Every structure is written in structure tokens, then in C-alpha cells.
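Please construct the entire structure, taking both the sequences and the accompanying hints into account.
First to last, the sequence lines map onto chains A and B. This note's numbering puts the first sequence at residues 1 to 597. This note's numbering puts the second sequence at residues 1001 to 1236.
Hints were generated in silico from the structure; no laboratory data involved. Fair warning: this is a prediction, and the values are worked out from it, not measured in the lab. Treat the hints with care, since some could be wrong.
What the simulated footprint calls covered on chain B by chain A, stretch by stretch (three residues with Cβ under 8 Å from a Cβ of chain A suffice, anywhere in the stretch; the number is not a length) [stated by the list, open to error]:
1) 1006-1018
2) 1040-1050
3) 1054-1064
4) 1090-1103
5) 1112-1120
In silico PhoX-like pairs for lysine-lysine, Cα to Cα no more than 20 Å straight-line [as the list claims (entries may be wrong)]:
6) B/Lys-1003 to A/Lys-502
7) A/Lys-32 to A/Lys-430
8) B/Lys-1003 to B/Lys-1035
9) A/Lys-534 to A/Lys-562
10) A/Lys-576 to A/Lys-534
11) A/Lys-371 to A/Lys-562
12) A/Lys-562 to A/Lys-576
13) A/Lys-502 to B/Lys-1017
14) A/Lys-594 to A/Lys-281
15) A/Lys-324 to B/Lys-1047
16) B/Lys-1017 to A/Lys-504
17) B/Lys-1003 to B/Lys-1083
Here are some of the chain B residues that sit facing chain A, going by a computed Cβ distance under 10 Å [stated by the list, open to error]:
18) Lys-1035
19) Pro-1127
20) Glu-1130
21) Arg-1131
22) Asp-1137
23) Arg-1138
24) Leu-1141
25) Ile-1148
Cβ coordinates follow ideal geometry from the N, Cα and C atoms, glycine included.
If you want the building blocks of each chain, they are given just below.
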Amino acid sequence: MNVAKRTFDAVIVGAGGAGLRAALQLSEAGLKTAVLTKVFPTRSHTVAAQGGVAASLGNSTEDNWHWHMYDTVKGSDWLGDQDAIEFMVRKANEVVIELEHYGMPFDRTDNGKIYQRPFGGHSMNYGQAPVMRSCAAADRTGHAMLHALYQRNVRANTQFFVEWMALDLIRNSEGDVLGVTAIEMETGEVSIFHAKATIFATGGAGRIYYSSTNAFINTGDGVGMAARSGIPLEDMEFWQFHPTGVAGAGVLITEGVRGEGGILRNASGERFMERYAPNLKDLASRDVVSRSMVTEINEGRGCGPDKDHVLLDITHLSPETIMKRLPGIREISIQFAGVDPIKAPIPVVPTCHYQMGGIPTNYKGQVVAPKNGDSNVPVAGFYAAGECACASVHGANRLGTNSLLDLLVFGKSAGETVVEDFKSGNLTLKPLPADAADVSLARINRLETQTGGSEVHDVRLAMQRTMQKHAGVFRFKELLQEGVTHILEVAEQAKVTQIADKSKVWNTARTEALELDNLIEVAKATMISAEARKESRGAHVRDDAPDTAEHPNGRDDQNWLKHTLWYSEGNRLDYKPVNLKPLSADVEPIALAKRTY
Amino acid sequence: MSKRTVQFKIYRYDPDKDAQPYMQDISVELEASDKKLLDAIVRLKTKDDSLSFRRSCREGVCGSDAMNINGKNGLACLTDIDKLAQPITLRPLPGLPVIRDLIVDMTQFFKQYHSIKPYLVNNDPAPERERLQTPEDREELNGLYECILCACCSTSCPSFWWNPDKFVGPAGLLAAYRFLADTRDQATNERLDNLEDPYRLFRCHTIMNCVDVCPKSLNPTRAIGKIKDMMVRRAV
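Here it is in C-alpha cells:
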């Protein structure tokens, strides 16, 4: 079949924060760049981020990058790579100031600087007290950021392919990446985007879980494409459950609510976080707060007729503060919880929120994979940034506001690396294999012709229920083992999905079937990696790895201080060391210690 | 909320097979957890996977699922299903070409948005730190920057229906004022020049449909009035 081919210096897949930040680097350097996005850029899920972006600007309290680095390493439960973490926290001020120069409408302090608020796990002086590090635009920071980045790209004349969905990664026999295939949603036509460099910025896959703060579009497209083409996925067992999703609806309520003074209460009105995290209390790290909430609920101290949630209370804040700093939260609470938080507390439960793992990269944004005994060999022509990537800065648990920082720093870094590689002549347009589009065409054709198969929504629901039950906030040995069996069964059904809609034009049934192919890769990677990791660390806490004197918090550094690598083919697992060495000599490695807040 | 059946009348058109659009009568049984219109049409799509609509965040911030709901533009994800009169009539946003079902071609809408140069212009050398802005000056941007580009406003505006190629429309003009009101922006005169035209700004006849439908409770009419004031002040 004849497939249209387009040629670029670089193709970026995804136009959320990371993709748009990378695109700016390339457009402003004059590279011929295509940005593919399955939704109009400002509809990408960065738009839903609320509380802020971390940078040690020190506008309201003393702060420095050393403290930010310590908090991030500790938050990661020492699974984060310290070179990438140092790189990120030291770049934070630069990328946030740039954003302000692009026009981002940050809130302001009385002296006109960027407003900063406290956030979970961020502290001054190595854990002593909360610090004001989260740079915020009310509780709409992601919206303000995404629009500012899009607007700057309009100024830079970036070329977008809007409502184009990337289908498969194109690699040659050496494993070099040569671009992607993509389908234009309006026409159903498949094209090849042939490029010297391919940057994935496709976001996370929170929709593998039944209850998620994530948008419908968060289907792990880049992660799935990478996995299918033989790239391993790193640390996929680590998923963040955000403490405060609206009970029943899953919609996010920012941690910034607690940053502004909000308190979590159980059925008797007790501020229970004082028992679990005596120092940072409600502003402890997200994994800690989520587990504390679930423990309260499991022990019968939950709220409501079914005792199935806790309450987030801001009734003690002045209405003026709520209207000024948390106006979006008030709207969401009224819309989705039916309560005005000025008058009554918000019912909340931990809800799947963020994928800590992803496509393995280094701090330069290059995708890396094991080769000839070296764990971190760059894959020629392939780069990734943002939630789809694993640099790894979040390790086993991400701190709030470090995700917006991640996408700015590594979006920019990936863009800079591509520009450098392009200028140094390292990037060339390698010939396309004759079968470059065959895999994609076969997938489309199967959907055209499949009969007697399974319904997309049934398979998706089975996957989501399985993930929710078998790989949730707390994990259990037997449930994980059963979960592996179940998810592999669901994956078999995903191979034979069928759709009734055969139209070429804006066929969303087809889109959802193609998305499911990506989701199921992520679900398998998560369950299999989680079952295999026989320790508790960060967001991965199992019943058979409890808190003991030998293994504080159930963490087993002797056997498990290592990154998981999952390969789709044969569901093979491999491991690689964590980099405990910072990038520069300006800072000592953050030594392993028990995590307490 | 319990299980209940909801009746719909939905605009359907697939250019691949339909000679012309038609209204489809269809009902769906909802689960107790289905509260918003978007929940209901996602449920409906499990019955008929050919029903096409855009959606993403399901919390009113991405701007994907704007449609005409019982005659009024709104976001499906922010509309309570049980407050709607049945049959619930769903049509694509008015005034833009329909691609399929509830999906419209938004090219013209974004063209107008892009026409106002929606980015900060400041040609001073970038300082090392943030450009300072007082909290009061920053407050001027409230009610302007929150726009989600859903197009509910522009596609409810008769002036935009009649002259979508010439009148910027409420969304674009709200964005224009967002930059005019920003103390960091230096392109005030160029921005006003760009709008000084019988159509681009002055086709707004303060019908205020935009204000009535905005799902974010923004007020484009007021922003347009402020731009007109700036024009007048500049002239004297």
C-alpha cells in the first residue's frame, strides 16, 4: 500500500508541557520540526495541573537547590538518579524565570515577585520545616503554563499537526529510530513522519486504573509505542496515588489546598496526619499521605455512610484566601463533590495520578537502553521528556510540583540535545526500511476486519478493574500474583478488539482501540514489575515487606536498590543500578537513610 | 442518584456514509455514578461506538467537549444530566463547519485567536530574574487568562456567525485584552492598530451571548468594552 511520507529534521510527538518546551528549542534554532498531537495543544493534560511548579527562588522563605535536591532524593526513596535530580533542581530557577518572561501569569508577592506556596515533601534545611517553593498561578498553574508555552510557540511559528495520532515507532535493523507512523483523525489516512530525531512527549497512562485523576487522552501512547518496538520500560511498578481525588469522581484537588493550610480529617474530626508524619503532617510526601488515608479508612475511621473517604477541610481559611488562591478548587468541589469548601469539607480519596516510570532516558533527554553490557546506551535518534520518560528524577515517589518542573527542564534539555546533535552532524536522515508502515497498516486493517472479538470498552474496563484491585495503594503478594495472570488474560482479549464503526472520518472507536493497544503494554509492565519487586519502596508497598529493624519501611537496599527494566517481548525483566552520584562535585551524594516525615 | 433511562436527540452526520445530517432518537440507561452529560454520552458510546465527539479532561479545563445542549452552548463535562429537559437535544457548536456528528472544524476559530498575536511582546533584554508585577497589576489579568478556548462564546455570537472571517469574536478579543492588560507587554499600540477596523473589534454589538454561555464565567463583553475604551482614549 502506498503511504504518504513527510520528512523533517525532527518530529515531536505530544504537545503538552514537555513537547511544547522541546518544540520551542527546535523552532527557535530553525530546525524543520513537526509536532504531532492527538488533541489541540492547549487540551493536553498539563492543562489540569493545579498547585505549582517547584523552584528554589526563595521569594518568600529562604531556599536553595541543595535543599530541593535533598527533598527530591528523599521523596524518591533513593530510587531517583542523583545526576538527573541535581540537573533538574539546578535548572529550576532558569526555566521558571523563562516562563515568566514568556508571559506566564504567575501570582505575585507584595514586592512583585513570583508567588510561592508550601507543598508536600518540600522542606527547608533538609527536612526541618515546610518551605515556600511552589511557584503558582492561583490553582491553575498547569493551565497558565500550557497556554503560555503554546503562545510562545505561536510566536516561534512551530508547525503543528493537530489531531494526528502517532501509531508506531519506526526503527531500522540497527535499532536506530527513524520517525513514526501517524493517522490523521479527520481523514483516517496513515502517513510516515521520517525524521533525523524523534522526541516523545506523550505523557502518562493513568487511564490503566479505574479511578484516575487523568484525562481520557492519557493512554500512554509513547510508552506503548516504545515498548512494542523493543525499548524497555523503567520502574513501571511505581504509580502515584494522589491523596486528594474527589471521592466518587476522581477529579483532582491540588495539594496546594494543604499548602494553603487545608487539613485532612477522619470521621471523628481528628487531624490524623499528626500521628503518621509528626513533622510535616498534611504536607508529608504523597505516598505517605495516601497510605495514611487508606489506613484510616481500612480501620473504620473513614467518613460518610460507607466510611469510604476522608475529609479535606479548609473551612477555617478566610473566604478571601479561598477565592484568591483556590478559586478553581472551589468550582471543582461545587461541581463534582456538591459542596462549597468555604462552608463544608471536601470528601476525598487517594486516586491514581502519575506514572513515575517510563521510557528510560538520561538527563540530556536521550533514550537509553542496555547494550553490550552497558545499561545506558543512547538509542540513536530517539529522545523523550516529561511523564512518558523516566530520567529518573522521581524514583519511587514524585514530589508535588516536580512534574511541571520535570517537563520544563527535560523538555528543554531534550530540545537542546537534539539541536546540539543536529549541529554537530551526529543526526542524519537514515533510509527508511521498505516495511516502515507495515505494522501500523496491519493494526488498522485488523480493526477494519475483526469479527467475533471483544468490545474495546469491555477490555478496557477489565484492565482498569484488574489494575485497581491488584496494584493499588497497598500491594499484597497474592493479589499481585493473581494480577499477573489476570492482566495477561486481558492482554489476550486486547489483541482481538473489534469496532462497529468503520468510517474513515474522525473514527473515535478506532482511536480508542488503538489507544488500548498502548494502555495494555503499560498495564502489563506495571503488574509484572510490581509482582517482581519484593520490597517496599516509595509508592510500592507490599504486605510481605513490612517495616522491620533490618529493613526500615520494608525497603531492602541490599537487593532492590536498582531500576526495573521490563521488555514487552516475553515479559522479560532486567535491572540496572541507581546512580547515587550527583552530576557535579558541588554536592555530596545524598546518603541512604530511612524516610520519615 | 439511581439507575435511570435518559432520552436523547442527537445530530448525526458521517460524511463517509450519510448523504445529509439527521437527528437520531436514542436512549441510554445510566449507572448511579453517571452525573454529567459527558458521563451519559460516554455511556451511550458503549452502545453505539460510532457516536463521535471530542473529550479529554472531564473537569472543565481542557475545553474539548463544547457542544450545543438543548439549544445552548456548554461543556458536556460540567452539565448536570439530571437538570436537563428530555429528550436532551445535542448539536455541534453552531456556525462552524461540521466534520462529523458533534465534531466541528475549529480552523476559523483558532485563526481568529492567532490573529490577535496571542503572546507577550516585550523587547527589552530579558532580565536575570522575573519581571516584577504588583499584585494589583496581576489582578487585572483575572477573568482573562482563564479562557480554555472551548469556543462556546464565539459560536453563540451572531456577529461571529455572520462574519467569522472578519470579526475576531469574543474568545479572540478576550485574549487580545489579556495582553493589553498585562503591564509586562509593550505592544499596546500595535495591538490596538490590529483591531482598529469596522469588523475585527467593532462588530461586537454587546448581545452578550458570550457572557451567558461561558463555562468559566468569564466576561468577553466587558473585555471588548475595555478595548473600545482604550481606542477612544488613544484617539483623544
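Straight-line alpha-carbon gap A/Lys-594 to A/Lys-281, limit 20 Å: 17 Å, holds
Pair hint outcome, B/Lys-1003 versus B/Lys-1035 [Cα-Cα no greater than 20 Å]: Judged against 20 Å, a Cα distance of about 11 Å means the pair holds.
Hint status (Cβ of B/Arg-1138 to nearest Cβ of chain A, threshold 10 Å): Since chain A brings a Cβ to about 5 Å from B/Arg-1138, closer than 10 Å, the hint holds.
Pairwise hint evaluation, B/Lys-1017 against A/Lys-502, where the allowed Cα distance is 20 Å at most: 10 Å, holds
B/Ile-1148 as chain A interface residue, shortest Cβ-Cβ below 10 Å: Holds, because the Cβ-Cβ distance from B/Ile-1148 to chain A comes to roughly 7 Å (cut-off 10 Å).
Proposed proximity, A/Lys-562 with A/Lys-371 (alpha carbon, max 20 Å): 17 Å, holds
Cβ contact check, 8 Å cutoff: the region 1054-1064 of chain B against chain A, three residues minimum: It holds: at least three residues are needed, and the region 1054-1064 of chain B offers 11 whose Cβ sits within less than 8 Å of chain A.
Holds or violated: A/Lys-324 to B/Lys-1047, with C-alpha atoms at most 20 Å apart: Measuring from Cα to Cα gives roughly 43 Å; hence the hint is violated.
Closest C-beta approach of B/Lys-1035 to chain A relative to 10 Å, hint status: 8 Å, holds
Interface hint compliance - B/Leu-1141 to chain A, C-beta minimum distance less than 10 Å: Holds. Min distance 5 Å.
Chain A covers the region 1112-1120 of chain B, three or more CB atoms within 8 Å, holds or violated: holds (count 5)
Hint consistency between B/Lys-1003 and B/Lys-1083 [alpha-carbon to alpha-carbon, up to 20 Å]: Measuring from Cα to Cα gives roughly 15 Å; hence the hint holds.
Of the hints listed earlier, those the structure fails to meet are numbers 6 and 15, in rising order.
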